[in-house]
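Asks: Chain residues, written in single-letter form:
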Amino acid sequence: MRRRRVPQNAEVDFLIVGSGAAGGVMAKELATAGFSVLVLEQGPRLEAHQFEHDEFKYFWQSALNNHPSRQPTMFRAGPDAPVQQQQAIVYHRLVGGGSVMFTSNYWRFKPIDFNERSVVGPIAGTGLADWPITYDELEPYYTKAEWDLGVSGVAGPFDPPRSRGYPTPPLPVKSSGVLFERGARALGLHPQPAPMCIISAPYKGRPACQHCGYCAGFGCEHRAKSSTLFTVIPDAEATGRCTVRPGSYVRRIEINRQGRATGVTYFDEDRGEHFHAARAVIVCANGAETPRLLLLSANSQFPDGLANSSGLVGKYLMFNGNASTAGVFERPLNDWKSVMVTRMIWDYYDSDPQRGFYGGGGLDSRYWGYPLFFAMSGLPRDAPTWGPEFKRLLRNNYSRTMNTDVHTTSLPVESNRIELDPDVRDAWGLPAMRVTYKDHPDDIAMMKFLAGRAIEIMEAAGAVRTWGPQSFEQQVGYHLLGTCRMGDDPATSVIDKYHRTHDVPNLFLCDGSSLVTGGRGQPTETIQALAYRAAEYIGQFARRGEI
Amino acid sequence: MHDATHSRREFVAATGALTAAWIGTDPRAFAAALRAARDAGRGDPFMWDALTPEQAEDLDAIATHIIPTDDLPGAREARAVVFIDRALATFQSSQKQSIIDGLADLNRRGGARFSTLPADRQLQVLREIEDTPFFGSVRSGVVTGTFAHPNWGGNVDGAGWNILGYDPRAIWRPPFGAYDAENRPER
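Residue numbers (my numbering), protein chains in the order written: chain A, 1 to 547; chain B, 1 to 187.
Treat the hints with care, as some may be off.
Claimed, not checked - Not everything, but these chain A residues come out facing chain B in the computed CB check (under 7 Å):
1. 175
2. 212
3. 245
4. 258
5. 328
6. 333
7. 338
8. 375
9. 386
10. 391
11. 393
12. 537
13. 540
14. 541
15. 543
16. 544
Stated by the list, open to error - Which chain B residues stay away from chain A? Per the calculated CB distances, all over 12 Å, these:
17. 89
18. 113
19. 158
20. 170
21. 178
22. 180
Keep in mind that the hints were calculated from the coordinates and are not lab data.
Ideal Cβ placement from N, Cα and C applies to all residues, glycine included.
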């Protein structure tokens, strides 16, 4: 068996686990501040020209995400439901992580997302809580993310306060956006250009979007999507103080007798095990793998998992509510071209007691129009699935269909969680992830409510046919949020407001797991703003000898 | 029967629950499948990897009913069966026996090799079995083979993409469709 010799480098200042939306930002900020940084990424590193327009490869064959056979996920739809193997968690494993493959919706959270518990009061059966920080504290870092990475958009009527505009203007509107805008305005709503983490004009040496149509689930071969792979990671490496090591799957955070992290043990591509020493460890492995790694790192000092004195590691998992509606129009939209989303509305962002349930959300116009996707699932439910009429409908509808997607709140429910499965192991012999998830009834009610509005908008725009989803239960999570929540009280949170774990002074966590609430469905910008903010404080602590 | 909504989340949920989904189980089979697909069409007579020529012929006959040929190509011209063959030889090998058994059963049911039956009799037999897992699996394979990227052995010359009116070029400029074209700002 081939054995690659991995040099045992000297101890680094910061070892970062995961190179995605948060890890990439953290690497740049700390390396730029003068610290030595090692980033360990379980997946491969790809160049722009290696990204293909092959939906079968990426979606059906899981080429760049956690693979269901090598990294099985066990799932139960509630604490009393039977456990079965099901790909309940999808995340991308490559340098840049989900920031390479995401749709690129780039919404800020709004002030209400940080203090909603105080505004709406307690909600039975949930752990809804205020954040220990406010929107105003995070605002400078939202702005920093937008200008450092490169974003397109223009401020809209329901935007939170912003200290600066967008670095590039909105992307050109597609036919789905025009129709959405027409329908929404007819209903008295306020559509606006969707903010996207894709540049509409050349920015920092990268070209503008070329409108190829392959964003969600694909890497951008033009580098117009502002993933960490093509922005902050090269910036970090340019300092000469940051190394990104792909093919490195971290299995344990090591702890000494004093209860401090000493580094991590990881598998290289050939499953050789290595220890790498660090003065501090920052885990940015995503909202599912971060708590799993803490649980995998249990030892005699921390029998219930690292940094888990609260018992909350892995709990309060939130996926965001997501549902897709569809409409068919008379003339061709050709919406399979260009970015997925060009228009959205935030009219229903705030929770409204008159609806009879808690929840808020946004709607956007888009198209799930990759060819195979469409042929498998793009026609109305009553359409034939084979024969001449099936073919006729594919031919007629493909260029005439659009979607309106619903993005909503998920309440933090303690029994929704990530654990280690007691029986099943992954291909490296580590306990597999077990996911328990059942939407709060209000989450379902909110999705249903907004799906109804989505249909109304497309009908007001002249759709000849519309339909909505059959069920609203979320059984697959892409947004992996809330599982190591931030808070001031060590009894009710895992990290403090500077992302330091309450229990281990030189262990920090920053990714979707840090979020106390899930916003209205597009968490990436908040995750990245948190990373910029956390890196600034962590750097100050290190300089003052407070780590 | 498939879910007509199409968010990625629902896609994964739906395909995870369907035995008919053409999803690989071994990532290492990737490279082998792509190699096999690239080699497709080499050799005369055609070399099948998983199927006998007779089985391939019968599957092709089914495929012509699932996505028929009219003024535009269908599953036959897209060579969806080449995709199925390469899949059964590589990442989908666990389904090979059930497909072969299903074809044998189909031939018994029809009283002769399926591909030798008259078209109206073929259609009648398929209607009898359209709710079976075998038909669901073949349907899924035929649709996948017709519309998946040509890398995988089917969708030859973009035959499936032509049905949809999809053009695979990687650079576009607005206007993209009829509604944004009429909405273009004055410049």
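Asks: A separate judgement is required for each hint: does it hold in the structure or not?
Replies: Status of the hints after comparison with the structure:
Interface restraint check: residue 175/A against chain B, minimum CB-CB distance 3 Å, threshold 7 Å, status holds. The interface hint given for residue 212/A is met, as the beta carbon of that residue sits about 5 Å from the closest beta carbon of chain B, less than 7 Å. Evaluation of the residue 245/A hint against chain B yields a violated restraint, the C-beta minimum of about 21 Å exceeding 7 Å. This hint is violated: residue 258/A has a C-beta 41 Å from the nearest C-beta of chain B, more than the 7 Å allowed.
Violation of the interface hint for residue 328/A is found here, the shortest Cβ-Cβ separation to chain B being roughly 12 Å, above the 7 Å cut-off. Hint on residue 333/A holds. Least Cβ distance to chain B is approximately 4 Å, under the 7 Å limit. Annotation: interface hint on residue 338/A holds; nearest CB of chain B at approximately 6 Å, less than 7 Å. Annotation: residue 375/A was flagged as interfacial toward chain B, and the flag holds, the nearest CB pair being 4 Å apart, inside 7 Å.
At a threshold of 7 Å, the smallest CB-CB gap from residue 386/A to chain B is about 4 Å, leaving the interface hint in force. A cut of 7 Å between beta carbons decides the hint on residue 391/A: the least distance to chain B is about 5 Å, and the hint holds. Because the closest C-beta pair between residue 393/A and chain B is about 11 Å apart, greater than 7 Å, the hint is violated. About 34 Å separates the beta-carbon of residue 537/A from the nearest beta-carbon of chain B, more than 7 Å, and the hint is not met.
Hint status for residue 540/A relative to chain B: violated, with the closest Cβ pair at about 39 Å, above 7 Å. With a least beta-carbon distance of about 38 Å to chain B, the hint placing residue 541/A at the interface is violated under the 7 Å criterion. Nearest Cβ of chain B to the Cβ of residue 543/A: about 43 Å, over the 7 Å cut. The hint is violated. A hinted interface residue such as residue 544/A counts as satisfied when its beta carbon comes closer than 7 Å to some beta carbon of chain B; here the least separation is about 44 Å, so the hint is violated.
With 12 Å as the threshold on Cβ separation, the claim that residue 89/B sits away from chain A holds: the shortest Cβ distance comes to roughly 15 Å. For residue 113/B, the non-interface assignment is confirmed: its Cβ lies about 21 Å from the closest Cβ of chain A, beyond the 12 Å cut-off. Some Cβ of chain A comes within 12 Å of the Cβ of residue 158/B; the nearest lies about 9 Å off, and the non-interface call is violated. Once the 12 Å rule is applied to beta carbons, residue 170/B is inconsistent with being away from chain A; the minimum gap is 5 Å.
The claim that residue 178/B lies off the interface is violated: its Cβ sits roughly 4 Å from the closest Cβ of chain A, which falls inside the 12 Å cut-off. At the 12 Å boundary, the C-beta of residue 180/B falls inside the reach of chain A, the nearest C-beta of that chain being 5 Å off.
Of the numbered hints given earlier, the model fails hints 3, 4, 5, 11, 12, 13, 14, 15, 16, 19, 20, 21, 22; all others are met.
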